[in-house]
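Colleague: In case you want the letters, here they are:
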Amino acid sequence: MSNIPSELKYTKSHEWISDNENGTVTVGITDHAQELLGDLVFVEQPEVGKELEAEEACAVVESVKAASDIYAPLAGEVVEVNEKLEDEPELINSDPYGEGWLFKMKLADPDSLESLLSADDYAAEADQ
Amino acid sequence: MPFIPHTPEEIEQMLATIGADDIETLFDEIPANIRCQSLDGIPPAASEMEIAREVQAMADRDAGALNFIGAGAYEHHIPAAVWQLTTRGEFYTAYTPYQAEASQGTLQLIYEYQTMMTGLTGMDVSNASLYDGASALGEAILMAVRVHRKSKSRKILVPASLHPNYRKAAETIVKHQGIELVELPIDPQTGRIDPTALEQYSGEDITALAIPQPNFYGVLEEADELTAWAEQNNTLVIGVVNPFALGLLKPPGEWGENGADVVCGDGQPLGAPLSSGGPYYGILCCKQAHVRQMPGRIVGRAVDADGKKGFVLTLQAREQHIRRSKATSNICTNQGLVVTASTIHMALLGPVGLRNAAALSMANTRKLVEKAAAIGIAPRFSGEYFHEVALQLGQPAAGVLERMAANNVLGGYDLGQVNPSMADSILVCATETKTDADIDRFIDTLQAAL
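In the order they appear, the protein sequences are chains A and B.
Just add 783 to wherever you are in the first sequence, counting from 1, and you've got this note's numbering.
Just add 1 to wherever you are in the second sequence, counting from 1, and you've got this note's numbering.
Simulated from the structure, these hints should not be mistaken for lab results.
Being a predicted model, the structure only gives us computed values, none of them experimental.
Incorrect hints may have been included.
To be verified - Looking from chain B toward chain A, a few residues come up when the C-beta cut is under 10 Å (computed):
| # | residue |
| --- | --- |
| 1 | Arg150 |
| 2 | Lys169 |
| 3 | Gln317 |
| 4 | Ala318 |
| 5 | Ile323 |
| 6 | Lys327 |
Unchecked claim - Computed Cβ-Cβ distance ranges for the label pairs, DEER-style:
| # | chain 1 | residue 1 | chain 2 | residue 2 | range |
| --- | --- | --- | --- | --- | --- |
| 7 | B | Ala406 | A | Asp852 | 30 to 38 Å |
| 8 | A | Asn876 | B | Asn259 | 29 to 37 Å |
| 9 | A | Lys848 | B | Glu113 | 46 to 54 Å |
| 10 | A | Glu838 | B | Thr197 | 29 to 37 Å |
| 11 | B | Arg150 | A | Lys848 | 53 to 61 Å |
| 12 | A | Lys848 | B | Thr116 | 54 to 62 Å |
| 13 | B | Thr197 | A | Ala891 | 53 to 61 Å |
| 14 | A | Glu863 | B | Ala21 | 28 to 36 Å |
Each residue gets a CB set at the ideal place from its N, CA and C atoms; glycine is no exception.
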């Protein structure tokens, strides 16, 4: 079974969300997702300043076999993107919860974080 | 049940199986108002012999005439070896193969084609080709919009000097995608993009500027200055080129400071006969930085598990068979056979041969212009031209061309067809296929028709 840190929040579409406790969250894809995708070769990031709706397709991760959409887990504004991924998309494979983070967003509603899946919920989803 | 036959009994059986009364009911879900009721003007079925005779009569109307019409499709000498080789069984398919990597020869040919195209255009990457030049422009515009995400206007400056059919096809492809094509007027003196008209857009958010080279009127645009303007204005540059002319002209990859971003054009002048308008093929090249937004197929060179050299389809993750409705394009195939001919044609000519043919075409058209001056006919525009030129006749061009055609000389393209204010002008092209005697015959026939 892949690694699912218990302190993070998750979505059914395999994004993880970390609360930075300053009104912003960091978003990435789970270990399980990077395993399914295989070697990543390219990441298309959202623009900083872009207002996202919850569940809006906002980024694309491309592996040798597929190009997949990344969905905004919650509504909010993109405040930073991981520029290292431009040259090193493989960081997502090697360190999905650390150096392989995708972008940070300022949530429109900080309480909306509660609507996301817990690690246990996600583990159950990913098992199916 | 066999797959192909369609005997009445089998049709009955199939309808009974799916529970339909007749074949008509299978189309019920298509609303009646959008269905084609009957085909007007289509004659009754004819036998093969009757059709062969009718089509031959049509073909005969084209044969034997001395042709000076260009306007987007150009007559060039095609060595006999080109189509002799192209129609060999190993090559004779219109498509890139479905089991692509099993067809190493075809992939290698496409790889060579891409290499030649990047050489000609001075760009980093070429795809395996598109349908034709006009649809390639549509794809180039869609690509520019995807690449230039910071530009929110989705406005594309398209000069009036760009081929009218290209403008129409591109408009059809992009108009329902929130993209606006803004017409940039030409200077009526030079026949080039009017620099003062372009200046009005300085500081405005413009996604891309299309630069035709040479333009529809045969005139050479000031590609360096236009590209420099675009670079200053944070606007992408789409070069729309005649690849044959690139044997001689500065490649778009070297325009301005950083070169064009996307280059498209029609490959017909490189090995495809005129054949009443097609099939031709489309060229699409771009900078390395834009490659992930490029539609269509790209062949790359790789090594296999044993370290042996081989060719593969690369960057497929954004194509339809993987990305479905979110693919970069609805392009699913290319003009493989015409590209094969083109690649063989270019290989036979080589860079020097292509350059010589381009220089000869340019010289022939200049000879024609000089001789036209002697009978009082001058170019309509003052701008420098490549191998095609607009001549002002001082009377309705349509009648003159008709009288020339009666003498088996196709004297040019009636510019009144695209712009009523130019109804007294024709577009004329004398490629390397024309001899001095041909040009003299053109002048004599023109003089008699005036």
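Colleague: Against this structure, judge whether each hint is valid.
Modeller: Evaluation of the provided hints:
1. Hint status for arginine 150 of chain B: holds, given a least beta-carbon distance of 6 Å to chain A, under 10 Å.
2. At a threshold of 10 Å, the smallest CB-CB gap from lysine 169 of chain B to chain A is about 32 Å, leaving the interface hint violated.
3. Contact between glutamine 317 of chain B and chain A, as hinted, is supported at the beta carbon level, the nearest pair being about 9 Å apart and thus within 10 Å.
4. Below 10 Å, beta-carbon pairs count as interface contacts, and alanine 318 of chain B has one with chain A at about 4 Å; its hint therefore holds.
5. Here the hint on isoleucine 323 of chain B is kept, as its CB sits about 6 Å from the closest CB of chain A, short of 10 Å.
6. Residue-level restraint check for lysine 327 of chain B holds (minimum Cβ-Cβ distance to chain A is 7 Å; threshold 10 Å).
7. Taken as a hint, the range 30 to 38 Å is violated for the pair alanine 406 of chain B and aspartate 852 of chain A, whose Cβ atoms sit roughly 57 Å apart.
8. For the pair asparagine 876 of chain A and asparagine 259 of chain B, the beta carbons lie near 33 Å from each other, so the given range of 29 to 37 Å is met.
9. The hinted window of 46 to 54 Å between lysine 848 of chain A and glutamate 113 of chain B is violated, with their beta carbons roughly 27 Å apart.
10. Distance hint check for glutamate 838 of chain A and threonine 197 of chain B: the Cβ-Cβ separation is about 48 Å, which falls outside the suggested range of 29 to 37 Å.
11. A hinted range of 53 to 61 Å is violated for the C-beta pair arginine 150 of chain B and lysine 848 of chain A, which are about 25 Å apart.
12. The hint said 54 to 62 Å for the Cβ distance between lysine 848 of chain A and threonine 116 of chain B, and at roughly 26 Å that hint is violated.
13. Under the hint 53 to 61 Å, the C-beta atoms of threonine 197 of chain B and alanine 891 of chain A, about 47 Å apart, miss the expected range.
14. Judged by the Cβ atoms, the range 28 to 36 Å given for glutamate 863 of chain A and alanine 21 of chain B is violated: they are separated by roughly 59 Å.
This entry does not satisfy hints 2, 7, 9, 10, 11, 12, 13, 14, going by the numbered hints stated previously.
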